[in-house]
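Asks: Sequence:
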Amino acid sequence: MAFMNLNKIFRVNYDFNFFKIEKKSDIKNIILKDYILKSYKDELNPNGETFIYQGIKEQVFKENDEILILNIGRKIIFFKNLTQNSDNLGEIQTKQSVLLSFLFFGSLFFASLFLMQFNLTDLFFLILCIIVLIASSISTNLLFKHINLLKKFSKEEIREFLKKRKNVKA
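My numbering applies: residue 1 is where the sequence shown begins, and numbers increase by one.
Worth flagging that the hints you see were computed from the coordinates, not collected in a lab. Treat the hints with care, as some may be off.
[To be verified] Pair by pair, the computed Cβ-Cβ distance ranges are:
(1) Leu115 / Glu157: 29 to 39 Å
(2) Lys95 / Ser154: 35 to 45 Å
(3) Glu91 / Ile138: 30 to 40 Å
(4) Phe161 / Tyr40: 15 to 25 Å
(5) Leu120 / Leu99: 38 to 48 Å
(6) Leu128 / Pro46: 41 to 51 Å
(7) Glu22 / Ala111: 31 to 41 Å
Computed from a prediction, not measured in an experiment: that's the story for all the values here. Ideal Cβ placement from N, Cα and C applies to all residues, glycine included.
Input sequences plus hints: build the corresponding full structure.
Replies: Listed below in structure tokens is the structure:
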């Protein structure tokens, strides 16, 4: 059992990146718009990484925009476009509110089924919904704390923080 590492299952690793967009391509679906952003190679991004963002708004990014992102892997969760002074906080709040309300009402539904019929399958789904609701609430709380921290800092403070963090990792 010593060889098992469960960190990827129980802990989500958010990462902050600050970069200038070198290339932008977008794919428009029926409702959502997919953006593929490639960063310039500089001291904060020596590899010129590529990130993916999926959102509702159009014309969010332009080439040469400086953006700060909160990402998991290559997927952008939160962004703050410092050039256009825009972000996707409202979109995140809407998605998280819908998710939490869906889980809350699902828990109420399975609780009412369990109280009416005393069925073990209803109890199982009730417990499952409550566990997912609690985990989503914790995740939403952490995400909003990260967002509030990102909104407070200026571009120079962000650059300085990320330079110090890159030097510590190296």
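Asks: None of the hints should be skipped; say for each whether it holds.
Replies: Hints versus structure:
1. Leu115 / Glu157: 29 to 39 Å: violated (53 Å)
2. Lys95 / Ser154: 35 to 45 Å: violated (27 Å)
3. Glu91 / Ile138: 30 to 40 Å: violated (21 Å)
4. Phe161 / Tyr40: 15 to 25 Å: About 19 Å separates the Cβ atoms of phenylalanine 161 and tyrosine 40, which means 15 to 25 Å holds.
5. Leu120 / Leu99: 38 to 48 Å: violated (27 Å)
6. Leu128 / Pro46: 41 to 51 Å: Since the Cβ atoms of leucine 128 and proline 46 sit about 44 Å apart, the hinted range of 41 to 51 Å holds.
7. Glu22 / Ala111: 31 to 41 Å: Since the Cβ atoms of glutamate 22 and alanine 111 sit about 52 Å apart, the hinted range of 31 to 41 Å is violated.
Checked against the numbered hints listed earlier, the structure breaks hints 1, 2, 3, 5, 7; every other hint is satisfied.
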